[in-house]
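**Q** Residue strings, one per chain:
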Amino acid sequence: MKFETAAGDNPIDRGKVVGRATPRIDGPLKVAGHATYAAEWHDQSNLAHGYIVASAIAKGRVNSLRLEEAKWAPGVITIITAQNAGTLGQAGPNAAKLLGGPEVQHYHQALALVVADSYEAARAAAALIKPDYTRADGSYTLAAVTGASKSDGILGQPGDTALGDFAGGFAGAPVQIDATYTTPDLAHAMMEPYATIASWDGDRLTLHTSHQVVDWARRDLAKTLGMPKDHIRIVTPYIGGGFGGKLWVRADAVLAALGAKAIGRPVKVVMPRPLMFNNSVHRPATIQRMRLGAGHDGALIAIGHEGWSGNLPGGDSEGAVQFSRGLYAAPNRMTRNRLSQLDLPEGNAMRAPGEAVGSIAVEVAMDEMAEKLGMDPVAFRIRNDTQVDPEHKEKKFSQRQLVECLQTGARKFGWDRRNARPASRREGDWLIGMGVAAAMRGSPVLRSGARVRLVAGGRVIVETDMTDIGTGSYTIIGQTAAEMLGVPLNWVTVRLGDSNFPVSSGSGGQFGANSATSGVYAACVKLREAVAARLGIDPAKIKFAGTKITGSGKNVTLASAAEAGELTGEDTIDFGGIRQQRHQATFGAHFVEVGVDIHTAEIRLRRMLAVCSAGRILNPTTARSQVIGAMTMGAGSVLCEELVVDPRFGYFVNHDLAQYEVPVHADIPHQEVIFLKDPDPESSPMKAHGIGELGICGVGGAVANAVYNATGARLRAFPMTVDKLLEHMPVPG
Amino acid sequence: MRAFTYQRVATPAEAVAALAAHPGARLIAGGTNLLDHMKLQIATPPHLIDINRIGLDQIETIPGGGMRIGALVRNTDLAAHPQIRRDYAVLSRAIVAGASGQLRNMATTGGNLLQRTRCPYFYDTNLPCNKRDPGSGCSAQGGYNRDHAVLGVSSACICAFPSDMSVALRVLDAVVEVMGPDETSRAIAIADFHRVPGETLPVQEFALAPGEMITAVTLPPAPGGWHVYRKVRNRASYAFALVSVAAIIEGTGGAEKGGRIALGGIGTKPWRSSAGDAAIPHGAQAVADALFAGASPTDQNRYKLLLATRTIAAVLAAAKG
Ligand SMILES: Cc1cc2nc3c(=O)[nH]c(=O)nc-3n(C[C@H](O)[C@H](O)[C@H](O)COP(=O)(O)OP(=O)(O)OC[C@H]3O[C@@H](n4cnc5c(N)ncnc54)[C@H](O)[C@@H]3O)c2cc1C
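Those protein sequences? They're chains A and L, same order as listed.
According to this note's numbering, the first sequence is numbered sequentially starting from 343.
According to this note's numbering, the second sequence is numbered sequentially starting from 6.
Just so you know, these hints were derived from the structure itself, not from any lab.
Mixed in with the good hints there might be a few duds.
[What the hints assert, rightly or not] Think about it this way: if two alpha-carbon atoms lie no more than 25 Å apart in a straight line, the pair counts; the simulated SDA-like pairs of lysine to any residue are:
id	chain 1	residue 1	chain 2	residue 2
1	A	Lys-344	A	Leu-909
2	L	Lys-44	A	Leu-909
3	A	Lys-472	L	Gly-29
4	L	Lys-44	A	Ser-460
5	L	Lys-44	A	Val-1004
6	A	Lys-472	L	Gly-142
7	L	Lys-44	A	Leu-409
8	A	Lys-472	L	Ala-318
9	L	Lys-262	A	Asp-771
10	L	Lys-44	A	Thr-420
11	A	Lys-1066	L	Ala-318
12	A	Lys-890	A	Arg-924
13	L	Lys-44	A	Ala-1000
14	L	Lys-44	A	Asp-998
15	A	Lys-413	L	Arg-7
16	L	Lys-44	A	Ala-415
17	L	Lys-44	A	Asp-474
18	L	Lys-44	A	Tyr-379
19	L	Lys-44	A	Met-532
20	A	Lys-472	L	Ile-47
21	A	Lys-1066	L	Gln-290
[To be verified] Simulated DEER-style distance windows between Cβ atoms:
id	chain 1	residue 1	chain 2	residue 2	range
22	L	Gly-147	A	Thr-488	22 to 30 Å
23	A	Ala-641	L	Asp-304	42 to 50 Å
24	L	Gly-203	A	Ala-486	34 to 42 Å
25	A	Ser-766	L	Gln-63	53 to 61 Å
26	L	Lys-262	A	Ser-766	31 to 39 Å
27	L	Pro-51	A	Thr-476	45 to 53 Å
28	L	Glu-188	A	Thr-476	50 to 58 Å
All values reported here derive from a predicted model rather than from experimental measurement.
Yeah, the Cβ is synthetic: ideal placement off N, Cα and C, and Gly gets one too.
With the hints as extra help, turn the sequences into a complete structure.
**A** Shown next, in the form of structure tokens:
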């Protein structure tokens, strides 16, 4: 099916199943421990275990791995290294090699895999390996290398954009803001580490692994291992979080495959937690300079946003400036995205790449400007709304309800109780402040396929290689099929995460929900046609409702349609036409209230509200769960999360979950989420958008603005930890 | 983790005998610290002696005043004990300010006293660390040291001692009872139990001699006063202290008459001094000046001086109110 023009009325509009708050159908399996995660396929016979030997230096060469002692350690079967692994290809998305040596590109880069009869034996033997290195000098400090940066495109968009005359517009603006913000390297820190069980059957490879996009896993493994893609099977039905960290094949998958091949037995490799931070990928740190020029009437005259980030050669930039490109109107605009070379571990996509941290700089700068103008920050944002893409005026937004989000949120949150004067509200030892920020996140789609089977009893089976990374894919896909075929949700079985199923979009970039359900929609349309054909009903008139089929004078059960044997509908949705003609994005507004301890500068969140507009909300329960998770992650990124770089050794120092502090339950107050829920017919047949990444955009800015309102301290280097905030605090009276 | 042998003992006497019989052996109590170290090969004991079934898991009243806490009493049980909560509230509060419920269910009194630093360089065996690998150097100096100590530091080591419970024990003037290889006992004042690193290596963290086991901690008669444990950290729970203050303030409702104060998070051991106690009637700045005499902060952790001063002020202000 090709989606090219705005969707008309379709069965999804009935809203009997889709759009209803529905607990996730895979929930009971997870609670009971029956959802099998990558490392838990215990049915593998003769399983061997691999343990990764990771580089102790950040850059340089391995002179010798010195494997002798480990080779003869108890239980060891073999040791895989770059020397005996054969030639490995380099898949496009990987900047660093997944099996390094003799050259070392980053700290904790995998240099070997010890394969042994037990996990314990492999781990003990791996610790015996003390390679001999020659260290080389590297660059590890972003601020030191911004001078040697180059322009870098952002996901197919140019690295630099300009409209009007930024320099002139800014220089002539009566009110100006010129401020620089920094965001730290951030870790995905998903609960489930990378894990793979690899097994070979002749020249065919099966991987039970944890990966967000099945087809990309096959593509990249085929490239890396130099084998045909269709000889690889990926099984990844349950994924314990990814946040972008599992978009690309990692060392566990490649090394497990190599190990299993070498010994002719299945091999399991689980990444130990202390390697998860330097062996893998992270969100790169940014330096962002914001220049805003406005008239006294509050209209923005000029917006300039420059961003710097670093990565290994071949790696991408963190395109923070993207956030400025579509949000506010201003006649004179400029964005510049700069990339420098660093020798830190590889930076890569993490939840709302670019926009999550870009939004912090933009939305704090907007707060600074509102204050300078003497305007309310909500009113100032509304004043600068636009209904056309500010960089491409001919392009309308398919749906843009930013103003409604801000207004609804202000009302619900009691924004009128905010005192614009900082540090003016105190309750006991707490200074209280409120902050607001706008949220915007692009809503891309990818082609996505599914197979829907009508089986005995009118029961329905959906099969697609779509993944559920904890988001609720199982549930919304089941809801889609149930709606399309007029059955209750528990008549639908959903099977995901297997490359034997039709290729889907996978999960990432908040494209998964909209794309994958649209693919299921397309397959259901095919199945409805097949049913109509079998029953001799006019396909234009056929109706599926209440487990019955009616049309052309007939009224039969869905079960009867399957009596002559299973019927299958399979299709792939492709997007074009109207999708290209419109700017497709989601919008929101965050409102945050914080308390800051007047003595210690500890920041504690008190209330959080997000108002989100993302087309039809397919399932308010799972959508809310996505938004509150994203709000938590966004709050963490400005309050406590930070990968600390030691520039002497070139690595992230705090590489475990005791030291990389993500928010805990006690940090997160009640979070309220309001969805505007209006379907967007120009987005897809589902009239939906993604929601998984919208919630992280802006929230950090809202927290920072609330801290400023509470204390009068404007921190521009994130996260806002006690050591930074304390000296700027008002003196307790 | 390196392969090891394992033995479970039934009495304290068996435990010290086993320690004597197995060079390099370690006792394992809750295991919440030791097992992490073994997995990372920070500790590689060839033999483990499990003391979880030797008794020593009671909290008793000492005739004539005071309490005796067995070395195997779990942190959860100690913090919840009614008499501890009533008479030694600072201890109860310090314990529940640390770790998580699950960890406190396992962690023991003895193990908590002996927990080791959370310095990230100590935790990564690729990096120099004098505490882990004597003579290799101290990576924290010149590196990441925002969380590190400003007091009791030396060129050998600047890591902060992480235990919350021990800070309360310090302010309570607790005594650590230990049993030696020949079943002899001795008592070590808490002030002497934790040691600051000298310039010589290896770094001696504890006053425990080889072959000795902690059997109990005793508390002097109830000190009275107003008890507080204030722990400052970037996240609301499940994080080690940037600064913590354990205090017992005598006489509330007016000018403070005096009291005792110990600090955590800022020293290589729980920090208390008689000058600091004596300064309490003169206010937070006086207390801080006394306690931080000789402080040696880095650029990254200098904030701890201000933070501690402010936190002491908060505690004293609350005591007045
Ligand atoms: C994630 C995490 C967060 C934490 N957060 C905090 C925190 O915020 N604040 C805090 O104070 N602590 C915190 N802790 C540390 C925790 O309190 C300690 O791990 C615990 O108290 C250790 O007690 P244990 O019985 O488990 O010791 P074990 O791990 O069993 O032993 C520790 C050491 O003591 C020795 N030992 C044990 N008992 C005896 C004995 N009777 N005699 C002689 N030697 C003995 C062992 O040989 C070993 O060397 C945290 C720990 C973790 C893992």
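**Q** What are the numbers of the hints that this structure violates, sorted from low to high?
**A** 2, 8, 12, 27
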